[in-house]
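Trainee: What follows is the residue order along each chain.
2 protein chains.
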Amino acid sequence: MAQYKVIVVGASGAVGQEILQVLEEKKFPVGDLKLCATSRSAGKEMLFKGNTYKVEETTPSSFDGMDIALFAGGAASKEFGPLAAEKGVVVIDNSSHFRLDPEVPLVVPEVNPEDVKWHKGIIANPNCSTIIMVVPLKAIYDAAGIKRVVVSTYQAVSGAGAEGISELTEHTKAVLAGDEVVPAKFQYQIAFNLIPHIDVFQEMDYTKEEWKMVKETCKIMHDDTIGITATTVRVPVYRSHSESINVETKRKMTAAEAREVLAKFPGIILEDDPSNKKYPMPLFSSNHDEVFVGRIREDNSLDHALNMWVAADQLRKGAATNAVQIAELVIKYGCLGKR
Amino acid sequence: MAQYKVIVVGASGAVGQEILQVLEEKKFPVGDLKLCATSRSAGKEMLFKGNTYKVEETTPSSFDGMDIALFAGGAASKEFGPLAAEKGVVVIDNSSHFRLDPEVPLVVPEVNPEDVKWHKGIIANPNCSTIIMVVPLKAIYDAAGIKRVVVSTYQAVSGAGAEGISELTEHTKAVLAGDEVVPAKFQYQIAFNLIPHIDVFQEMDYTKEEWKMVKETCKIMHDDTIGITATTVRVPVYRSHSESINVETKRKMTAAEAREVLAKFPGIILEDDPSNKKYPMPLFSSNHDEVFVGRIREDNSLDHALNMWVAADQLRKGAATNAVQIAELVIKYGCLGKR
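As they're listed, the protein sequences go chains E and D. For the first sequence, UniProt numbering assigns the number 1 to the initial residue and increments by one for each residue that follows. For the second sequence, UniProt numbering assigns the number 1 to the initial residue and increments by one for each residue that follows.
Chain E extracted, bound-state conformation (with noise of 0.2 Å):
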């Protein structure tokens, strides 16, 4: 079996070393790794299936030779992205950076697979809350078309990488101890708290992360005629995301036919047992990497829409697992670059 010259960018942060686990979970056909970061991780030590590993300092020699550059996110994307591509590696970015490009992919596996084909170099890896959402958003409109979703999102700090994650644990233990609390990576004090506000204030006042649930999905979806309204918060958990859908679709569709559609799709495990207390939940979607789709209810104040409940772990799902599909789809389709 054929194996690949795989270079992980922004290796030691958050989805890097989700990305490795990944890899090594999914026996992925790794020939050489080489794992790069900004100078000020350069030098620290990772392993992968118990060999290890020196991150180096990433520069545009970094890529020589390589097939496949998965990109954590961050500045690296807009800075060795290109250069990559031009050297025939086949870059797949975390960052929000290239993903509305019309020369760009941007891809969900089980959604859009065929979109991989097309690629000029660059595959964009969509939001992580997109990512959870248009995954159960593509079975309901396959099955009965969609005319509108709102939607509102409950965020784990591991959006906001490996700081978010410290910052929740210092905050807690502070809010426990009396201590004052000092936000850095988050606005204000996250422990016990919920923060409405990711990313940056744009037009209209919505959020970048909520533009960009609205923005990715239709272009995942290939559908601008979707009507979708977001609105996303920062909740004290760590790694799931988890978000509250309301969707109206084209035709009637009953609970039971969701629920039918929803189980068949890839990707999804659902968990819609109410009476047995079985419903989507960070805690045990963690460290998962499927959607977790639950809570199903046809909407009882209006006529074609359904409310479900949706949880999924935003480092595995949200990022690095979607990368690495990616990047296997790209394996699939004899599409890697030309050298």
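Incorrect hints may have been included.
The list makes no distinction among identical chains, and a pair is therefore deemed to hold if it is satisfied within one copy or across any two copies.
DSS-like cross-link-like pairs, simulated, lysine-lysine; straight-line CA separation at most 25 Å [what the hints assert, rightly or not]:
no.: 1; residue 1: Lys173; residue 2: Lys185
no.: 2; residue 1: Lys147; residue 2: Lys250
no.: 3; residue 1: Lys208; residue 2: Lys277
no.: 4; residue 1: Lys185; residue 2: Lys278
no.: 5; residue 1: Lys252; residue 2: Lys147
Hints are computed from structural coordinates only; laboratory data are not their basis. Please read all numbers here as calculations on a predicted model, not as lab measurements.
Got chain E; can you put chain D on it based on the hints?
Mentor: Chain D only, in chain E's frame:
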């Protein structure tokens, strides 16, 4: 100024304690004060205006000669509420037992104060999430009408009483220490988790909490044509509920218009200045009597619709403050019970 004989039933619980606090802060004209609870709490001592009161076990004779009974909620309401009313005491009840009874007014003083006037001995205090939602909804309703509401809640543990509050602390400490978490009041670990299950499951797989928001809102607003669909979720926050509310109005309302009517409405603090990081949060709305409203945006997916984000203290406006405000109305309108 006239003074009134007030009995608080369930005085030692989270809501009961808050009722005493609010009576004192609002300088409610308390003449005699009697504190009652179950036998389990009888004998406890509590402070009111610097004086110590001993909690007595609630019995039928507890209500003899009293003017106003504030029931904090729970089983006592059903057992003693009608009996107290028969004795000529005005019962203001925080349980869900009488709320949908057509013979019992369900009152949020900023929304339907006049309903106090037709009470027949019992006035019901609405569900906490309902109160917090209906105050801003009424402002919108009066200005532009309401067709439909899609709401997702982020509910504090105080909604599960004093045990809910202590369980969040216990679970949090256990997680940080790596100890086993033992849920008692909640279905699962609540620290660093979200539980989409408040109260029992009922028809169409909605929880009772979700139906309360639907049915109580229509009753308070005197309008059964408003479509309301709710998803209610417990979050690891101590005492302020938050809600993401999407409102479809009858006529188009701009975000600026909505801000104007909300700012003017009694009981609301408009906190909507994203560029200065001002928006409602549980942390800063706790221990306040008002409903904080912000993140007001025209819905980008529908012409006549708005999104907003609301937070308010569950024990205050969601329970004790609203109950004491109702008691104030009873006095203002001169509609005490007849003995």
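Trainee: Compare the structure with each hint and give your call.
Mentor: Cross-check of the supplied hints:
no.: 1; hint: Lys173 / Lys185; verdict: both (16 Å within a copy, 23 Å between copies)
no.: 2; hint: Lys147 / Lys250; verdict: both (6 Å within a copy, 19 Å between copies)
no.: 3; hint: Lys208 / Lys277; verdict: between (35 Å within a copy, 14 Å between copies)
no.: 4; hint: Lys185 / Lys278; verdict: between (34 Å within a copy, 17 Å between copies)
no.: 5; hint: Lys252 / Lys147; verdict: both (12 Å within a copy, 20 Å between copies)
Comparing the model with each earlier hint shows no violations; every hint is respected.
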